[in-house]
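K.L.:
Sequence:
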Amino acid sequence: MKYTKEQVNSMIKQMLKDRKRLYFEHMPFDIQFLNDVKPLFRNDTIKNAWEVVVFVQEDQFPDKEEYSIISMVLNDDTGDIESYADMSCGRPVPMKAKLKNGKYEFEMIQ
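Reminder that position 46 of the sequence shown reads as 60 in this note's numbering, one-by-one numbering, no gaps.
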């Protein structure tokens, strides 16, 4: 399975909803890519994955610069998130997520 940039964008939006980062699921928000999404190859751990850094603008406070930066590695074969870190928390929390029935199930990385 090979994802397009648009599909990855859509999956990130779904992942953010599943992570419940937003106050309300229906709240409009915009995602902009800080850099080009690119394939990432790392030895035997992840053979083919997207390395994604996204800037997330939340629209609840349009007059403020409320945003998050998220770094994640999306497995191109399974759709699973091999690593995920929200850089706006001060200290990134290492997590990963399995894609099941179109929803992400998160777990902490020890």
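Since the hints were made in silico from the structure, they are not lab data.
Take these hints with a grain of salt, some might be off.
[To be verified] Here are the simulated lysine-lysine pairs, DSSO-like style, with alpha carbons at most 30 Å apart:
(1) Lys112 to Lys27
(2) Lys27 to Lys110
(3) Lys117 to Lys61
(4) Lys61 to Lys19
(5) Lys19 to Lys114
(6) Lys114 to Lys27
(7) Lys27 to Lys16
(8) Lys112 to Lys19
(9) Lys110 to Lys19
(10) Lys16 to Lys114
(11) Lys61 to Lys27
(12) Lys110 to Lys61
(13) Lys61 to Lys16
(14) Lys114 to Lys61
(15) Lys16 to Lys112
(16) Lys31 to Lys16
(17) Lys114 to Lys31
(18) Lys61 to Lys112
(19) Lys117 to Lys16
(20) Lys117 to Lys27
(21) Lys31 to Lys61
(22) Lys110 to Lys16
(23) Lys19 to Lys31
(24) Lys117 to Lys31
(25) Lys31 to Lys110
(26) Lys19 to Lys117
(27) Lys112 to Lys31
Computed from a predicted structure; not experimentally measured.
K.L.:
Against the structure shown, which of the earlier numbered hints fail to hold, in ascending order?
P.N.:
none
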